[in-house]
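Based on the sequences and whatever the hints tell you, model everything.
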Amino acid sequence: LHICGSDFYFESFAALCERLAGLAPGASKKRVFLSNSGTEAVEGAIKLARHSTGRPAIIAFTGAFHGRTYGGLSLTASKSIQRAGFAPFLPEIYHVPYGYRYHCDFCRGEPACTMRCVSSIEDDLFAKRLDPKSVAAVFVEPIQGEGGYVVPPPGYLQALRELCDRHGILLVCDEVQCGVGRTGKMWACEHEGIEPDVLLAAKGLGSGMPIGAIIAKESIMKWQPGAHGSTFGGNPVCCAAALATLDVVERELLPTVPRLGERLVAGAKRLQEKYPSIGDVRGRGLMIGVEFVKDRATREPASDIPHQLVERAFRKGLLLLGAGKSTLRLAPPLVVDEYDVDTALRIIDECLREMTD
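Per the numbering used here, the sequence shown starts with residue 110, numbered consecutively.
Don't take every hint at face value.
To be verified - Ranges of calculated distance between the beta carbons of each label pair, as one might list FRET restraints:
#, residue 1, residue 2, range
1, R217, K383, 26 to 32 Å
2, F117, R177, 28 to 34 Å
3, E359, R408, 35 to 41 Å
4, E359, P200, 38 to 44 Å
5, T465, A123, 53 to 59 Å
6, G264, Q191, 40 to 46 Å
Unchecked claim - In the SDA-like style, the derived pairs of lysine to any residue whose C-alpha atoms are separated by at most 20 Å in a straight line are:
#, residue 1, residue 2
7, K326, A336
8, K326, L272
9, K383, K403
10, K425, D449
11, K434, E231
12, K403, E463
13, K383, R408
14, K156, S115
15, K237, P200
16, K294, D446
17, K425, T465
18, K312, L430
19, K242, L199
20, K434, S412
21, K383, E371
22, K242, I329
23, K188, P165
24, K326, R275
25, K312, V357
26, K425, D466
27, K156, L199
28, K378, T452
29, K312, P134
30, K434, A422
31, K138, E327
32, K378, M464
33, K326, A124
34, K326, Q267
35, K188, D413
36, K326, D466
37, K156, I329
38, K403, E382
39, K378, E447
40, K242, E231
These are computed hints drawn from the structure, not numbers from a lab. All figures in this text were calculated on a predicted structure; none of them were measured in a lab. The beta carbon of each residue, even a glycine, is placed where N, CA and C say it ideally should be.
Here is the structure:
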């Protein structure tokens, strides 16, 4: 019933690899490696970046989440509890600030984003601490997930792409959470019109079945047979699930996600007008973050509010999750309709009203 796909191809394995290669952004030819999960895809991408460039260093971002196995955990910097007790981590990992406009130390008081979070990589990290010629890759979430559903400012990914190109560094887009239609496009990086060197997918790719993927430029994924592998990655059942998922996403869901996302954002912004504790509403498609603050002027996080809200909403039949310090993530299944969106907003309104009475 099953054979290791990296040793002997089977029909659904080859079909999925071909499909993902065709869906990846950019005109360059792609190669695909299938794994069991997102964190395995991250591990493979770390190996691939170091192997293909011959360089050791990896840059990741404050607030990032890339998994819980050792390579992914070394890149992760969203919550200290995720790393506590597991040191030492991989060497040559460097974290820099993400483009978090609502809490940006670089642009505080500025009327518009100056993109100094990107230029500081050149001006600070490369100039003072790290030779860019030793950097293999920059790992970035086009929209940060666990870090707070943070949407970087327009032009941010393009600026990272240009920085990587100047120094021969690979740009790896981790789309494990934001990919496969979640933002209204197949891949979140498409909103910025960039082509990453490596793209990672999982989670929604299998509609609940365990599968992940590394999609890389053919010129990069040239490791020798045996350099990387997986026994169950891309098994027949999960490949079939992924192919069926992509069919539904492309034909039925991509056309509806932007409209439903706009409805969800509009409803969340109406709640923002009603409740002073909502400091920011941000997102793309059906990946929306609602950030709670103690004071809109200081933007001090109000971490207790989303925790209470998640509990109250659960009792009313609505499943929510927090993210970052004080953000509520609104990430419904892509199959929701207007009624589902309106019902969720009504329940959140009820919970907030009860909490403020």
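Broken hints, by number
6, 11, 23 and 36
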